[in-house]
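Novice: Can you make the complete structure from the sequences, with help from the hints?
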Amino acid sequence: MKYETTGVSAWSSDIEMSEKWTRGAVKWLIKKRWITVNTKKKYYRIISYKQLCKKLKLEPLAAVLFENDDYTDFKQFLSATLITDCLKIKKLMNRKNQSVSRMADTNMNWHFYSKDFHPLAISYIAKRLGICNSRANKIKKWAIESKMVFVKKNIPFLINSQGKKIGIEHLQAIKLSSPLIAGRLRTNGKYIKIVESDLLQSFIITRKKHYKH
Numbered sequence: 001m002k003y004e005t006t007g008v009s010a011w012s013s014d015i016e017m018s019e020k021w022t023r024g025a026v027k028w029l030i031k032k033r034w035i036t037v038n039t040k041k042k043y044y045r046i047i048s049y050k051q052l053c054k055k056l057k058l059e060p061l062a063a064v065l066f067e068n069d070d071y072t073d074f075k076q077f078l079s080a081t082l083i084t085d086c087l088k089i090k091k092l093m094n095r096k097n098q099s100v101s102r103m104a105d106t107n108m109n110w111h112f113y114s115k116d117f118h119p120l121a122i123s124y125i126a127k128r129l130g131i132c133n134s135r136a137n138k139i140k141k142w143a144i145e146s147k148m149v150f151v152k153k154n155i156p157f158l159i160n161s162q163g164k165k166i167g168i169e170h171l172q173a174i175k176l177s178s179p180l181i182a183g184r185l186r187t188n189g190k191y192i193k194i195v196e197s198d199l200l201q202s203f204i205i206t207r208k209k210h211y212k213h
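Quick note: the sequence shown, position 183, residue 183 per full-length UniProt numbering, numbers continuous.
Hints may be right or wrong, so weigh each one.
Stated by the list, open to error - Here are the in silico distance ranges between beta carbons for each label pair:
| hint | residue 1 | residue 2 | range |
| --- | --- | --- | --- |
| 1 | D69 | K165 | 48 to 58 Å |
| 2 | K88 | I181 | 21 to 31 Å |
| 3 | K57 | I174 | 20 to 30 Å |
| 4 | W28 | I168 | 52 to 62 Å |
| 5 | K127 | G183 | 33 to 43 Å |
| 6 | N137 | Y44 | 28 to 38 Å |
| 7 | T187 | E19 | 45 to 55 Å |
| 8 | K190 | M93 | 27 to 37 Å |
| 9 | S178 | D69 | 20 to 30 Å |
| 10 | K190 | E16 | 28 to 38 Å |
Unchecked claim - With a straight-line cut-off of 27 Å between C-alpha atoms, the simulated DSS-like cross-links for lysine-lysine are:
| hint | residue 1 | residue 2 |
| --- | --- | --- |
| 11 | K138 | K75 |
| 12 | K20 | K31 |
| 13 | K42 | K32 |
Read the hints as simulated data drawn from the structure, not as lab findings.
Backbone N, C-alpha and C fix where the C-beta goes; we use that ideal spot for every residue, glycine too.
Specialist: Below, the structure is given as structure tokens:
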């Protein structure tokens with residue numbers, strides 16, 4: 001990829017960012033050696049997927065292919081990919097938890113979840129990606145904007161150890177005994193509901209990367 005004075009301007013236009021930001025991003029990629037520079041021939045060279053995985057200590061088992069010449073929504077695409085990865089790992093964790101426990105805990109209301117939607121907390125996204133909750137919330141928002149990730153509100157009924165809905169007559173007692181969830185409690189007619197993490201569904205498909213040896 002040849003670098004010219006007009007290159008940064010064209011790239012910034014493609015990704016809808018300022019030239020200053022784009023120039024800084026390229027310098028960062030060069031510093032991290034994701035891009036190398038041939039000063040003699042004046043070319044940038046982007047390192048391979050395999051090299052990048054090795055540098056980041058990632059297992060190059062699967063990836064998401066971006067097949068679009070228009071980079072306008074690239075941020076949303078990347079966000080959807082990150083959310084899909086988080087969702088995939090969390091689904092596996094949820095299945096393991098479901099198999100070892102059926103206690104009537106608010107985090108174990110498995111029968112409220114549809115087959116394709118699964119709960120994913122902002123705090124989990126932040127922890128997995130190593131970012132703050134605010135940034136994680138933005139990534140979730142951008143992922144939904146991609147129209148490859150869909151969301152449903154998750155406010156199930158609170159149930160007791162017998163699997164029955166808990167009536168509103170117990171609301172104050174639950175607030176006193178469980179102050180950590182008090183702010184998430186809601187009422188719906190005769191019963192108590194609790195605000196849980198949104199349910200997400202992804203239509204991102206990963207593909208395995210094969211290398212020639």
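Novice: Look at each hint and say if it fits the structure.
Specialist: Here is what the structure says about each hint:
no., hint, verdict
1, D69 with K165: 48 to 58 Å, "holds, 53 Å"
2, K88 with I181: 21 to 31 Å, "holds, 27 Å"
3, K57 with I174: 20 to 30 Å, "violated, 45 Å"
4, W28 with I168: 52 to 62 Å, "holds, 54 Å"
5, K127 with G183: 33 to 43 Å, "violated, 21 Å"
6, N137 with Y44: 28 to 38 Å, "holds, 34 Å"
7, T187 with E19: 45 to 55 Å, "holds, 54 Å"
8, K190 with M93: 27 to 37 Å, "holds, 33 Å"
9, S178 with D69: 20 to 30 Å, "violated, 53 Å"
10, K190 with E16: 28 to 38 Å, "violated, 51 Å"
11, K138 with K75, "holds, 11 Å"
12, K20 with K31, "holds, 16 Å"
13, K42 with K32, "holds, 19 Å"
Consistency with the previously given hints fails for numbers 3, 5, 9, 10, ordered from lowest to highest.
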